[in-house]
Every structure is written in C-alpha cells, then in structure tokens.
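J.: Mind docking chain B on chain A? Use the hints.
One-letter residues, chain by chain:
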Amino acid sequence: DTAVSQTPKYLVTQMGNDKSIKCEQNLGHDTMYWYKQDSKKFLKIMFSYNNKELIINETVPNRFSPKSPDKAHLNLHINSLELGDSAVYFCASSPPAAGAQETQYFGPGTRLLVL
Amino acid sequence: AQSVTQPDIHITVSEGASLELRCNYSYGATPYLFWYVQSPGQGLQLLLKYFSGDTLVQGIKGFEAEFKRSQSSFNLRKPSVHWSDAAEYFCAVAPLLGGATNKLIFGTGTLLAVQP
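Same order as they appear, the protein sequences are chains A and B. So for the first sequence, the numbering used here puts the first residue at 580; every next one is plus one. So for the second sequence, the numbering used here puts the first residue at -3; every next one is plus one.
Looking at chain A on its own, in the form it has when it is part of the complex:
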C-alpha cells in the first residue's frame, strides 16, 4: 500500500527533450508538493497545490509546469530539458487544509539525468 508513489523511478534523457513525472497519493490528502533535490542533497520546494489549485510557485522556470487533474494526482511536466535539471524530484502530500504543522509524506523520488 504505497502512500505516495512516483513514476518513473529513474529517467535518463537528452537535453532539449520534454518529459513528465507522475505522482499519486492514496492518503486522501488535499495538498501536494514538488521538491527538487540537487546533487549536493539540498532540497527546495518548487510547487504546492491545494485541491487542484496552485498555492506556491517558488520562482521555478516556465519550462516546469505542474498539473493536478484531481486531488490525488500532481504531475510535473518539464519542457526543453537542460543539464541543470538533473536532480531527484520528490513529490509529497499533507492532510487537508491544516497548515504548516501538518506532516508532509514523501514519495520515493524520481532520479532525472539529463545528458
């Protein structure tokens, strides 16, 4: 019973390509997130959605476009991939509308390598 799942687990692609990463949670949570972990293990939030509505966009390039078809899914599409996009991307979710004290539950990560 995976709580937060991501596909694919690994993604190797060429510069300039367009790729998508999918995230699903079966916890009944309202809020979902994307975080990026760079090669130095630094984690930074990219986006958050609450009930399919964009709440946070942390000055991420326009090439990154999140899409939330429903509360249980938050996908990340990346256009024109660049070398600097190589990282581990984590999806997370948290319980309904309770705010900052709520635990965020993380997926296993998607390791993206751009060649």
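It is worth saying that the hints were derived from the structure and are not from the lab.
Chain B residues, not near chain A, derived (Cβ > 10 Å throughout):
{"id": "1", "residue": "D4"}
{"id": "2", "residue": "S10"}
{"id": "3", "residue": "E11"}
{"id": "4", "residue": "S14"}
{"id": "5", "residue": "L15"}
{"id": "6", "residue": "S22"}
{"id": "7", "residue": "D50"}
{"id": "8", "residue": "L52"}
{"id": "9", "residue": "V53"}
{"id": "10", "residue": "F59"}
{"id": "11", "residue": "E60"}
{"id": "12", "residue": "S68"}
{"id": "13", "residue": "D81"}
{"id": "14", "residue": "A109"}
{"id": "15", "residue": "Q111"}
Below, simulated SDA-like cross-link-like pairs (lysine to any residue); rule was C-alpha separation at most 20 Å, straight line:
{"id": "16", "chain 1": "A", "residue 1": "K620", "chain 2": "B", "residue 2": "S(-1)"}
{"id": "17", "chain 1": "A", "residue 1": "K623", "chain 2": "B", "residue 2": "P36"}
{"id": "18", "chain 1": "A", "residue 1": "K619", "chain 2": "B", "residue 2": "A109"}
{"id": "19", "chain 1": "A", "residue 1": "K623", "chain 2": "B", "residue 2": "S(-1)"}
{"id": "20", "chain 1": "A", "residue 1": "K620", "chain 2": "B", "residue 2": "R18"}
{"id": "21", "chain 1": "B", "residue 1": "K45", "chain 2": "A", "residue 2": "P675"}
{"id": "22", "chain 1": "A", "residue 1": "K615", "chain 2": "B", "residue 2": "L42"}
{"id": "23", "chain 1": "A", "residue 1": "K601", "chain 2": "B", "residue 2": "G37"}
{"id": "24", "chain 1": "A", "residue 1": "K620", "chain 2": "B", "residue 2": "T104"}
{"id": "25", "chain 1": "A", "residue 1": "K619", "chain 2": "B", "residue 2": "G39"}
{"id": "26", "chain 1": "A", "residue 1": "K588", "chain 2": "B", "residue 2": "Q38"}
{"id": "27", "chain 1": "A", "residue 1": "K615", "chain 2": "B", "residue 2": "G39"}
{"id": "28", "chain 1": "A", "residue 1": "K588", "chain 2": "B", "residue 2": "G39"}
Just so you know, even glycine gets a beta-carbon here, dropped at the ideal spot from N, CA and C.
T.: Same frame as chain A, now just chain B:
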C-alpha cells in the same frame, strides 16, 4: 528570510554511542520544526516534529529532539546509535504562512555514518 543551518555536513559515530545532530533556524517567530531521515536511494521519512508544548519531543526509532527558543535550535539526539541509523538527516522548518499555504524549508543535511 527564513533559513535552516545544519553545521555538520558529515558525522561518524560508533555503534552504541550517543548522537547529537545540530540544527539552527532563522525566523521571526517560532516556526514549526521537523526532522526527516533519508536512507540511501529512498524518500524522506518524518522522525519527529515540534509546534507547541513540551520542548522535548519524542520520535520514531528512539530519536528525540529539544527545542531551545533562546538558541533558535532544534537538535536531534539518540542515546545509542544502531548501524541501521546510517542515513542523511534533514532539519526543516515550516513558516506560518496561513491557510493552506504550507512549505518546508530544509537544511543542507547531515550525513551520518556508523562504525561497527
């Protein structure tokens, strides 16, 4: 701007020894504070969190952390480390942004190695 500092990039302890991982935060008020652990190739798992009340909080796997407002610190401790504790540990704060706005600001992590 809010920030989290983990001064120790890498720590090595012997199995059975005690452990303390340091975390300092910078924020205008008391934020919500978290410790997460990341095992190699895995996602992040919550160890414990603090947002009010008793400043000593207990977590999973025998970990505890103490919030010290005067020092803006939230250090993680364990009295006796097991080999399976080898992992990357992240301290994080969640600033009080209101409503459904919620994000975690992470420190740079401390990599824990455990010697037999």
